[in-house]
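Colleague: Top to bottom, those sequences are chains A and B.
Quick note on the UniProt record's numbering: the first sequence kicks off at 1 and runs consecutively.
Quick note on the UniProt record's numbering: the second sequence kicks off at 1 and runs consecutively.
No lab work stands behind these hints, which were simulated from the structure alone.
Please note: incorrect hints may appear among the correct ones.
Cβ-Cβ distance ranges computed for the label pairs, FRET-style [to be verified]:
(1) B:Ala176 to A:Gly302: 46 to 56 Å
(2) A:Tyr120 to B:Asp124: 20 to 30 Å
(3) B:Thr211 to A:Asp149: 24 to 34 Å
(4) A:Arg349 to B:Gly136: 34 to 44 Å
(5) A:Lys97 to B:Thr211: 21 to 31 Å
(6) B:Ala176 to A:Lys74: 20 to 30 Å
(7) B:Pro46 to A:Tyr275: 20 to 30 Å
(8) B:Phe20 to A:Tyr118: 43 to 53 Å
(9) A:Val367 to B:Lys141: 19 to 29 Å
C-beta: ideal position from N, C-alpha, C; glycine also.
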Amino acid sequence: MRALCWNGVRDLRVERVPDPEILNPKDAIIKVTMSSVCGSDLHLINGFVPSMRAGDIIGHEFIGEVVETGVGVKNLKKGDRVVVVSVIGCGECQHCKEETWSLCDNSNPNGLLQEKIYQYPTAGIFGYSHLFGGYAGSHAEYIRVPFADHGAFKIPEDISDEKAVFVSDGVPTGYMAAEMAAVKPGDIVAVWGAGGVGQMAIQCAYAMGAERVIAIDRIDYRLAYAARYSGADILNYEDTDVLEELKEATGGRGPDCCIDAVGMEAHTTGIEHIYDKTKQLLRLESDRAAVLRQAIMACRKGGTVSVVGVYAGLVDKIPMGLFMNKGLTIRGGQMHGQRYVPMLFDLIRREIINPEFLLTHPVSLEVGQNAYEMFNNKTNKCMRAVFKPFN
Amino acid sequence: MKTEQVTHSGKHQRKWKKEFNNVNMAERLLSLAAGGILLAKHYKHPLASPLKVLTGAFLVYRGISGNCPLYTGLDKNSNETNAINTRVIFTVNKPREEVYKYWRQLENLPFFMSHLQRVEQKNDTTSEWIAKIPGGVGTIKWNAEIVKEIPNELIGWQSVENSTIDNAGKVEFYDAPRGQGTVLKVIFSYHPPAGALGEGVAKLFNPLFKTLLKEDIRAFKQVIEAGEVATTKGQASGRK
Numbered sequence: 001m002r003a004l005c006w007n008g009v010r011d012l013r014v015e016r017v018p019d020p021e022i023l024n025p026k027d028a029i030i031k032v033t034m035s036s037v038c039g040s041d042l043h044l045i046n047g048f049v050p051s052m053r054a055g056d057i058i059g060h061e062f063i064g065e066v067v068e069t070g071v072g073v074k075n076l077k078k079g080d081r082v083v084v085v086s087v088i089g090c091g092e093c094q095h096c097k098e099e100t101w102s103l104c105d106n107s108n109p110n111g112l113l114q115e116k117i118y119q120y121p122t123a124g125i126f127g128y129s130h131l132f133g134g135y136a137g138s139h140a141e142y143i144r145v146p147f148a149d150h151g152a153f154k155i156p157e158d159i160s161d162e163k164a165v166f167v168s169d170g171v172p173t174g175y176m177a178a179e180m181a182a183v184k185p186g187d188i189v190a191v192w193g194a195g196g197v198g199q200m201a202i203q204c205a206y207a208m209g210a211e212r213v214i215a216i217d218r219i220d221y222r223l224a225y226a227a228r229y230s231g232a233d234i235l236n237y238e239d240t241d242v243l244e245e246l247k248e249a250t251g252g253r254g255p256d257c258c259i260d261a262v263g264m265e266a267h268t269t270g271i272e273h274i275y276d277k278t279k280q281l282l283r284l285e286s287d288r289a290a291v292l293r294q295a296i297m298a299c300r301k302g303g304t305v306s307v308v309g310v311y312a313g314l315v316d317k318i319p320m321g322l323f324m325n326k327g328l329t330i331r332g333g334q335m336h337g338q339r340y341v342p343m344l345f346d347l348i349r350r351e352i353i354n355p356e357f358l359l360t361h362p363v364s365l366e367v368g369q370n371a372y373e374m375f376n377n378k379t380n381k382c383m384r385a386v387f388k389p390f391n
Numbered sequence: 001m002k003t004e005q006v007t008h009s010g011k012h013q014r015k016w017k018k019e020f021n022n023v024n025m026a027e028r029l030l031s032l033a034a035g036g037i038l039l040a041k042h043y044k045h046p047l048a049s050p051l052k053v054l055t056g057a058f059l060v061y062r063g064i065s066g067n068c069p070l071y072t073g074l075d076k077n078s079n080e081t082n083a084i085n086t087r088v089i090f091t092v093n094k095p096r097e098e099v100y101k102y103w104r105q106l107e108n109l110p111f112f113m114s115h116l117q118r119v120e121q122k123n124d125t126t127s128e129w130i131a132k133i134p135g136g137v138g139t140i141k142w143n144a145e146i147v148k149e150i151p152n153e154l155i156g157w158q159s160v161e162n163s164t165i166d167n168a169g170k171v172e173f174y175d176a177p178r179g180q181g182t183v184l185k186v187i188f189s190y191h192p193p194a195g196a197l198g199e200g201v202a203k204l205f206n207p208l209f210k211t212l213l214k215e216d217i218r219a220f221k222q223v224i225e226a227g228e229v230a231t232t233k234g235q236a237s238g239r240k
């Protein structure tokens, strides 16, 4: 089959690789019909996540059709149209039983490697470095899905592919961002990052009753999308003082909930950005935490900061005094998609959330490198490029 | 008094000899070869590269005598081996009886202990173990005995006398808090043979041992909880 492989920093190529096979009883093979780029892929492509190996197939946000099932698969059959959650959960360990699927004890074959860095292993993720299991990703014609009964969900007939593909990762991550931020009716919510996840966080915050959501980014077209499709008020941090504006917008109290949907490659302005860039280049910090810092500073006393932007290692200059003295709550995590998918289908069907506008660029695998460049450089008003491997 | 002194000095002599011979045979041969090559290359013009000649001479001395002054300085002795003790604690999300029963059925162990080929229970307490030597060099066999057993609580075993593999260990089973499964405490102790005996045995157990045991424990948890061991072995990639 054809697959988009990572060969080195910013070097993606389509390679001919063997078709995936059933390796374990609970596996299924899915013929991929759509596979989206995701902001977290950029950390891999740009070389900020360790343990990538040349030849790795990337991609983790996808839908497809079941073509083969292992003997242990009960709920799926050939021909089923499914969305697959990007995080893999065994369904049986304590964490899966508690519906915190991304913390699964058993789905990461390289758990021991991860223990060395994170102390405890977390779940495997498709196409997301060997630290997260080394599973082959979805930017390919076919993909093997372990523990398929738990991770693959049949897509209701009245939900289009263009909406369903984002239920794999972007929508549940946005939902969990709002859930962890403890959004309550009447709250004012600030969301840093107006990419796919940020947009979904805005929509989900409104779904939970937020009175007002403010999106913060530096890319004007993304802010325009946030205003138009997700109903947010917008702030371009390059043109304005974010902390002042947020105070202004909240009667001087600060937002109740602050969501970091940016993560480890955050940009900011002036000396702070130069400082972070330099430290990251010198490997003195692995992650640039400009957004996390600002969220902690902006958040109202007693408020909640929710982190879904991806961090890999160590950050620098976290304002701990503010966190402690303002009595904040900080929560973070990879999303527990398996817990949310059926409910998200329902929200989409009722048009309370709608991810369809994210799909700005349907493309073939062959233009993979260019598609990611466009996505990375925020050109052509790209929100998400989505690969259709069979077109 | 006299006898004691003699014993003392004899002990001292043996100790001195042991300390003097602080390089094992494999290292001695390597030293000899490397030193020989260096000397052969530079013996015609020793003053052109004195450092290399000196190094060559040092290596040859080390090879022939079995003594390395650097090791003496570092208090190192590559002839000695220490027991390797490994302790792993983990929780399995299944009832204690079930976990105990699975472990006590020793024939199950090769399902998750990747280096084990087969365990055969000879009678209630004695069993024969066959392990693969990493690298596919062959297999190795030993007998073990269950020396202590409290159903649903503890299994302790020991290799029988004169086994090629000298090991002992125990597993304790506890209820996890809030009824969330079973806590297992595994203690494994292994004494690798000294000297040339069982080069393959040492290869099997020494540096990789702890990692292997941890991997095996992870696999045990996966088998008993999820019914299969997560893997990517055999999956497609663009690696040539």
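Colleague: Flag every earlier hint the structure violates by its number, smallest first.
Modeller: 1, 2, 4, 7 and 9
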